[in-house]
Every structure is written in C-alpha cells, then in structure tokens.
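Q: Since chain L is already given, all that's left is putting chain P on it; use the hints.
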Amino acid sequence: MNQQKNIRIALAGNPNSGKTSLFNALTGSHQHVGNYPGVTVEKKEGHFVHEGVRIDLLDLPGTYSLTSFSPEERIARREILDGRFDVVVVVVDSTILQRNLYLLTQVMLAGGNPILCLNMSDEARAMGQRLDLEQMERLLGFPVVETVASRKEGVPLLKDLILRAAESPVKESRLVLGERLDSAIAILSEMLEDSAPGARPPAWLASKMLEADDMTRQWVRKRLPDRLEKVDARAREMREEIEERTGLDVTTFVADRMYGYVAGLLKEVVLQPLRKDARIVSDRLDAVLCHRGLGLVFFLLAMYGLFWLTFSIGDYPMGWIETFFGWAGERISAFWPEGSDSPLRSLLVDGIIGGVGGVVVFLPNIVLLFLGLAFLEDTGYMARAAFLVDRWMHKFGLHGKSFIPMMTGFGCTIPGIMATRTLENERDRLTTMLVLPLISCGARLPIWMLLIPAFFAESYRAPMLWLIYMIGILLAAVLARLLRSTLLKGEDAPFVMELPPYRMPTLKALFQKMGERSWLYLKKAGTIILGISILLWAISYYPRPENLPVDRELAEGKIVVNNAETPENAREIARPGVEVLTTSELEHRREQEEMLQSLAGGIGRLMEPLLKPMGFDWRIGVALIGAFAAKEVFVAQMGIVFALGSEVDEESDTLRERIGASYPPLVGFSLMLFLLIATPCMATVAVTKRESGSWKWALLQFGGLTGIAWMLSVLVYQIGRLAGIGL
Amino acid sequence: MATLESTLTPALEDYLESIYLLVRERKVARVKDIAKARDVKMSSVTTAMKRLAELECIDYSRREYIELTPKGEELARRILARHDILRRFFEEVLQMSPENAEADACSMEHHLSNEGMDKLVRFFEFLGRCEESEHDFLNQFHNCRAVNPEAEICNGQCQHHHGRKHHRKIHTFRNITDLRPGESGVIALVRAKGAVRQRLLDMGFLPRAEVTLERLAPSGDPVWIRAMGFQLSLRRAEAESILLEPVGAIG
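One line per chain: the protein sequences are L and P, in this order.
The numbering used here numbers the first residue of the first sequence as 338 and each following residue consecutively.
The numbering used here numbers the first residue of the second sequence as 11 and each following residue consecutively.
What the hints contain is simulated information worked out from the structure, not anything from laboratory work.
Mixed in with the good hints, there may be bad ones.
Straight-line alpha carbon distances no greater than 30 Å define the calculated BS3-like cross-link-like pairs of lysine-lysine that follow [as the list claims (entries may be wrong)]: (1) K732(L) with K37(P); (2) K42(P) with K732(L); (3) K380(L) with K845(L); (4) K826(L) with K203(P); (5) K42(P) with K604(L); (6) K567(L) with K60(P); (7) K559(L) with K203(P); (8) K203(P) with K567(L); (9) K508(L) with K559(L).
Some chain P residues judged to face chain L by a derived CB distance under 8 Å, without partners named [said to hold, decoys possible]: (10) R73; (11) E77; (12) L210; (13) D212; (14) M213; (15) L226; (16) S229; (17) D231; (18) W234; (19) F240; (20) L242; (21) L244; (22) R245.
Even glycine gets a Cβ: it sits at the ideal position worked out from N, Cα and C.
Isolated chain L (complex conformation) (with noise of 0.2 Å):
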C-alpha cells in the first residue's frame, strides 16, 4: 500500500512476563532465532505487517532491569540505548504489577518510546485488580493496553497502537522520581547533552554517572572526553550530598525512587487490588509438591515422567526411523547391481543416509524431551526443581538448573546439552556442557553389554556397570569444580531465581517452543553432523585396494568357499592348506580387510604408539574411529576388525569369545574407562559447537576429555600390569 520505511520494535519485559508468548501472537511464524555473537544468549527476531506497514521486531532477553550484571541486562540495555527503536513495548505481569513497571521506568529513563501491555490480564482481573486506564495513559503520557498473549486478545489494538506511537512519539518522559533526584539528573543530564548521532539520552547517562556506573563511564570517556572530569567531579558531590541526607547508598536510593515512582502511579491507578487469597490455589500445590520431605519424592516422580516421555515413548518414533532409513537404503542400493563396487552407492548408502540417520534417529528423543522441559519450564516447575536439588549442584560448581540436563545425558548426551538453554547463566551453562559427555549415554550401554561379559565373571558383570557409571559420575563432578575453580572460574552467579505461580501452558506454546529447538538442533548440528558422517565414510572408504589377501587367497585356491549345512560335510572338503570359508565369511573376511586398507584402518594402525600404553592395539583404535561417528557404532566396527561383519550385535557370543581371548580384562577395563571418557561423539561435538557458539568449547571439550581419558587409561593399565591385576 504505502512506501513507508519499516518500523522497528522491541519488546523488553521481565523473565516470566508472557514476552515470548506476545512476541509469537504478533509475528506468527515469521521469526528467525539465532545467538548474540559469544554468548549463549538468544536473539529472536521477526517481523509482521499492519495496515501494510512492514514492522520488524526484537524480543529482547527476559530481565529485571537493565543495570550491566548479566549478559542479558547488557543486552537489552543497550539494544535499547542503542538499537533507535521506534517503539519499545514493555510487557509486565498484570499481577505483579511493582516488580514489573520498575524495568518501565529504566525504559522511559533510557529514552525509549515505550508503550505499555499490561500482560496476564484475565488472570489479575480474575484475582480481583481493576485498573484504571485512562488514567494510567494520562499519567505516564503514552499508550496502555491491556493484552493475553496467549489467546491473542489485545493483539490487535497492540498493533494499532504501535503504528500510532511509532508516527507520534513521546516527546518528553513524565517520570518524576522526587525532587533530590530529578534536580540532579537535570543538573548532570544538561552538562552531558550532546546531539551527534548515536548519542544517548542525557538523563540516562545522568542518573547512571550520579551511580558511578562504571560502563557509562567508560562510555562518556569515549564520547565526551573534555566533560568526563567535570561530571564526574559534579557528580560525586552530589552523590555525597544524596548519601549525606538520606543515609543510603546511591544506588539504593535510585533504585527506592524508581520503585516510589511506582508505587505513587500505582496509587493513583489502582481501583481495587489484588485479592489477598488470589495464589490459594498454586500455594497450597507447593505446600505439597515443595514440602520440605515430600518435595524431593515428586521430583524424583517428575524426572522418571520427563524421562519415560523421553526414551520411552521415543523408542517407537525412533524404530520407524530406523527402519526408514534401513528402507530407503536398500532402495537406493538397488538402482546399482548387487555386489557393486560403486563408491556413488557407498556415499549415499553409507556416509549420507548412514549419517543424516545418526542425527535423525534422535530426532523423537529430542523433541519429546523438548516437549517435557517445556511443560515444566512454562507450568513454573522448573523454577521449583532447581530449588530442590540446588545445594547438592551447588557443591560441584553447578547450578540447580544443572540437573536435569545432566540426568538426560543418561539418555543421550545431546539432548542434554540443548537442555541447557533453561541455565541463564553463561558460566554454570558451559560447566553443565562441558561435562556433560561423561553421564554414560544410552548409546555407551551397547558397548558395556558387549565388553563386560567378554572380560568379566557373571558375578561381576553388575558391580563393573554401576562401577562405570559411577565413574562418570564423579569425574563430571570433579571436572565441574575444577573449570569453575579455573577458566569459568568467577562468582557463582546470584541464585535469585523467581518462582513464578503455576500456570497452565497452551498446547500451542508447549508445541511452538518444542519445534522452534528441535528445528534449531535439526539444521544446525545436521550440517556439522552431515559434513564429518561423509568425511568419516571417506577415510574409511578409500583408498580402494586393488586386490585383496581374500581374493588373491582365493585365486590360488588357498580359500575354498563351501556353504555346506553341516560341520561333517565340511571336514569333508577340508585339507591342509586350505581355509574352507562360507559364503558370508568370506564377505566378512573381505570387508575387514578393506577396512584395513583405508586411511581408517591406516591411521589406527598410526595411532597404534598412542594407544599401546593403554593396552590396546590398531584393531580397537580402528573401532575407536568409528566410535566417534556415535558411540554405539564401536561395537559394529569391532565385528568388522574381527571379521565377524558389521551385523554383528552386543549379543553376539562369537564377538565377545574373540575380544576376550585377543585381551586380558585389565585391557578391557581400561579400554571401557576409555570410552566412557574419550571423544565425545561428532553430534555432541556440533551440538557443542552451536550451543557454546565457538568451536573453542567444542574442542576444549573434544580435546580435554580425551586427553584425560588417555591418563587415566594409562594409568590403570600401567598400574595393573605392574600390580599384575587381571592379566
């Protein structure tokens, strides 16, 4: 329609105060999230049209103020300060009202032009408060506009509302914050104007040099040099004075203006408050669900339900994966002769299908524990379980939050990591991630199922699995402490964590979130994934031998192939000389051997020095190669290595006898030790790398936790051998 330029918007409000929801009724599905460059923090962007006017919208982090002490506050604040927004909508919780107008006024104080959406509105009318708006309008002298983001009501006249500031702004804030204050805000704001392009507001820069703000300070001495020294000599008078008079520290006291300011418009909007009894119902749920005893056995209840939903139920989406997979496999096989050698046919086969599979088939376990976490995140459990078991995070360096992405690693290591989103915090975030991969995942027990019966008496055999899992346990623990005692070391960030009332989430929110994470993890960790699947596929590839041992054996009638059905017709054929192979031997003893040839087999045969103080040999650094595709591919690399073929499951007898008699169990234990520490599979490596957003975590957590798996590997070896235990 008109040729206007667009406008752009941002909404700023605290945690907890429906902003996502807003932010989704408002842009539909034209949004696009990504990361703030080096840190965790999200950026979600989209962009709607009304009355065809193209309006592109921020959504800024959650937070309670835009002082400088989070990642997030710095965010918002100076996309804010910064960002020439036309319009900042500032979405409070409508029932609690104080908390939520003090981050309006730091907004209207910042020079923003807000409008403000009294979010949550049914649930404050339905508990009692009347609000008088118009009066509201008038006093803070732009728009109010009452909105449930979650049914879409006052979405509307929001959007209207926001076309009208947007050509009309405020031209002056009406904040009054006492006449101590302002005079002194005025007194510095005139001494700090300045009206170049990508200036601030003088009254921010004011209250924030009367604060002694060390950011804006710096900010000042970039931009206004010659005024830095007069300011700040201006300023601490006054500051003196301010201290001097009311016996407070000066931030304390901007802050007990800010919440005055509120407190004297809420007087005069108020009609009736809130009911006293109004949170009966959610308080009397956490008299029983966060009892002081009982609290932790409904945890305990919540996490079994989080992980049945998890593994259990995705086991079935997961098997049709599987059995997809398998299908279109055999389909493409197909449009090549049987027997090709084709390597078209191998790459798709085995590098893309194989690997686009290896991501996929998490795909349900991802998105039903995405869809779990959401519940318990937006119904407000979350909160409530990260207060339960925080002291016993706490003591490894971690935060309550830390929990349940590291009791999901038992399921997968990945989903773990993508659970770490619901840790604000940036250091406790990259703890949780990094040691993540030593939670033995469910991809390791095929690997347990198959070393320990080969190395260990049936008595054992339980006692061994607790023992690694035990393992992994205390050394992520131990891990945990000493990054936060080294390079994430710094104050453990404020556990002040709200608990918001329990709310019931719209399906639609549950499924918006669940897809939005589980999109992110489809595109992105399947690029990486993809890209290492079909390197991983080539080194074991190529080169392609001309002739092998097999075959040449063959030739000279060294080998004789004979499928016959019984052992005495076998030893018929039998002489001296002369291996008697079936068909399907054959097929094994050949793919052992080109995998032998390949630059696989030869960096295993490389890396041999490497690996001979552990008590291994290049047959397990073959598998071990494999085993970084994903974990539970070691145990189909050790049936080839074997010449047993890659069908070969953890059950396989055969297998077990072959690794048992190759090597004593002090190999096999330390050679589980190793693979309960070392490299981390590629998804968890990409997921690494997308969720830290450098491949430096990535590979500090490659590198890290391999090396110390080779210690200790090395260690336990040497040791024993020394000890002459389980030769």
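A: Okay, now just chain P, sitting in the frame of chain L:
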C-alpha cells in the same frame, strides 16, 4: 598509634565507640543507628564518618553501613576499655551511682593521658588483688563510716557488675534465615555486594519492604522467600545478607 589517638577528637572517639558497639551487637552499623545512639542529626554523623574514613578507622565506601578497619577496631577497643575502667572505678571503688559513673567516665575518658590511664589501671588492679588478701583496702574504705555513713560489713557484692550490658539497650539485626518458615520481617538493609546486591535492589528488596520466609529446601539451602507480591529462591549465603529490622524497633 599515639599520634592517631591524639588526632581523634573526643567526638570522633565517641563515634568510634558507638560504631564498635553497634557492630558488636548488631553485626552492622548504619548512619541512622549511630545518629540515634548518639542522639545527633544524620548529617553530623556523615561528616564525622568522612573524617574517620580519612583516618582509616572505618570503611565508608558503602554509604549505607559502616565497617571498622582493623586499625579502627583496635582503637575503638582501647577507647572502650578506657571508658569501662573509669566507669568501674567510679562505680565500684568510689561507689557512685551508675548514671553519674557513666557520665563522668564519658567526659573523662578523652582527657586522660596515656600515663594517667595506665597508673589508674594499675591502682584498680591493685585494689582488686588486695580484696583477696588480708589487707583489704577497698573493703576498709567502703566500710569506713567517714566515707559511707550506712556502711555495714562488706560482703563482696561489688563483683556483680561483670559482663553487664552497655547502658543503651540495642536490638540485634536478624537476617532472613533467622526467620521461622511462615514468619515475616521488614528489610533494614541489603549487605550483599555486586551482582547479587543489584539484582535484589532491582527486585525491590529495599529498606522498609516486607519479606516472608516461606520454606526451606530439603537440605535447608536455598530458602524460599515471598516479597512484594512474588516469590523467589535465594541461596542461604545470599539470604543472610538481607538484614531485617529488629523486632520492636520498627518505625
């Protein structure tokens, strides 16, 4: 130290003493409380605080409350000891009324030289030792009708003063974790620093706000708090930094 003591005016010594007592009793000293204890205006207190901070006796960087430096604490302890000995001398030896003993101690403590003080202490100790010997000068002095017309035989009651509280009743600050689940309190001040402090201020944990301890986690940490119409959890260490107005001292 002698030079520093000589630069401290009697008024500053009194302030230092008040801070010491407040910190000892309540864990923290606010300008407001010092003003109340000394019965002066807040602005006079802040002027004095600046002077004491210059002399490095106190840490006044956080304006809401004051902490003694090791130097300040040592000095305050010495001033207080001097005060205490004088008071006891007047009260126990000279048998003056507690009020007058206190008042005279207050005015004399600043003007006594170190030597005078030292000699007085020795004399006091000497009298105490004599009490146990046969030459009980103190007893004889007390029972001398010329000094004390109502004197009877001394029965050693003069020892009852030990461990007696200072003359002004001081209520102790509690912190949130001192509350019982379900109990409420009024915030006096937030002692936390850095990010925790800012977050708490931003959430409205300001002086005069009411908070309720709702419940504790299974291990007693963190704690669950209700305030200003919402609920949140805090680790014990953080919650302990929120001091509450003493019961009965609100208003």
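Q: Compare the structure with each hint and give your call.
A: Structure-based check of each hint:
no.	hint	in the structure
1	K732(L) with K37(P)	holds (27 Å)
2	K42(P) with K732(L)	violated (38 Å)
3	K380(L) with K845(L)	holds (21 Å)
4	K826(L) with K203(P)	holds (18 Å)
5	K42(P) with K604(L)	holds (28 Å)
6	K567(L) with K60(P)	holds (22 Å)
7	K559(L) with K203(P)	holds (28 Å)
8	K203(P) with K567(L)	holds (28 Å)
9	K508(L) with K559(L)	holds (27 Å)
10	R73	holds (4 Å)
11	E77	violated (13 Å)
12	L210	holds (6 Å)
13	D212	holds (4 Å)
14	M213	holds (6 Å)
15	L226	holds (6 Å)
16	S229	holds (4 Å)
17	D231	holds (5 Å)
18	W234	holds (6 Å)
19	F240	holds (5 Å)
20	L242	holds (5 Å)
21	L244	holds (6 Å)
22	R245	holds (4 Å)
Of the numbered hints stated above, those contradicted by the structure are hints 2, 11, listed in ascending order.
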